[in-house]
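Using the sequences and the accompanying hints, generate a full structural model.
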Amino acid sequence: MRTNHRTFAPHRAWKITGILLIGAALAFGQQQVNLSAGPGSIALPDGNGVPMWGYSCGAVVSGSTATCAALGKGAWSPVVITVPSGADLQINLTNNLKFANGNAVPTSIMIVGQVGGGLGTVGSGCTGGATCTPSPTHGQQQTTWTIANAQNSSGQPYVNNPPPQGPRVQSFSTEVAAGATTPLVWKAPRPGTYLLESGTHPSIQVPMGLIGMLVVTQAATAGSAGPPAVPATQGTAYPNVNYDAEVPLLFSEIDPVQNNAVQTAVNTAGFSETKVWS
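So in this note's numbering the end of the sequence shown lands on 557, straight run, no missing numbers.
Treat the hints as calculated values from the structure; they're not laboratory data.
It cannot be assumed that every hint is accurate.
Using 20 Å as the maximum straight-line C-alpha spacing, the simulated EDC-like pairs for lysine to aspartate or glutamate come out as follows [unchecked claim]:
# : residue 1 : residue 2
1 : 466       : 454
2 : 352       : 525
3 : 377       : 552
4 : 466       : 367
5 : 352       : 532
6 : 377       : 325
This is the structure we're talking about:
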């Protein structure tokens, strides 16, 4: 009786598995957008110019159906990124925030309501996502009492010794250094409309103009309430404006005093963000 002997080649199986995994990744796809952050300016209705920072859309990535566009037509405008649901989103962020005297400012991206881009992956010592800066040393201070000339048993004024403080967060998500381009990934973002903004010193960089929107669309499925079919001829409210037109709207404000103060600071020799709290 003849016996058949079969051999198994692990390395060949590994190669086949690798090919299948690559094919699966391509099948699911990944939406990509090129985005840059840099300085600019805007003219207000009163004619005064205000320094701004902002995002601008880069070249379209081949094979991606994601879109990126400016919300307005002015020299400065927030951006709106639109992607279909079901795929990862990769934003390739280029940081062009460079100023006079060799000064530069790092930046990052947060999508409020979505976890990704380094947000939510903070390890000990602010590794794996956020970036921290050391807290300043607070010196001994004399206490303020309601009783005038309050003194201790030695006849000395009471003093307060502030305890050491831990590091302070500089960037809540993955930081991109000036002059660098870093891919930031969000795993299958949920459908909806979300605010996109800088995660680095948000109290400064967001008012300076680093804001935008992310719209994650969702196709209607069988048995679900999806958008109605578009008729061949749509009614218009105004010329070239359909009744069911979808228009993204983002409210923000500009403080000329703060923006000019930031502009002066970042162009001053010896500027350092770590000195803000000292």
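message: Would the hint linking residue 466 and residue 367 be met if the CA-CA limit is 20 Å?
response: holds (5 Å)
query: Regarding the pair residue 466 and residue 454, is the alpha-carbon distance no greater than 20 Å?
result: It holds: about 18 Å lies between the C-alpha atoms, which stays within 20 Å.
message: Given the hinted pair residue 352 and residue 532, is their Cα-Cα distance within 20 Å?
response: holds (17 Å)
query: Hey, residue 377 versus residue 325, does the alpha-carbon distance stay inside 20 Å?
result: With Cα atoms ~28 Å apart, residue 377 and residue 325 exceed 20 Å; violated.
Pair hint outcome, residue 377 versus residue 552 [Cα-Cα no greater than 20 Å]: Roughly 13 Å between the alpha carbons, so the hint for residue 377 and residue 552 holds.
field: Restraint status (C-alpha distance of residue 352 to residue 525 at most 20 Å)
entry: holds (18 Å)
Against the hints set out earlier in the document, a violation occurs for number 6 only.
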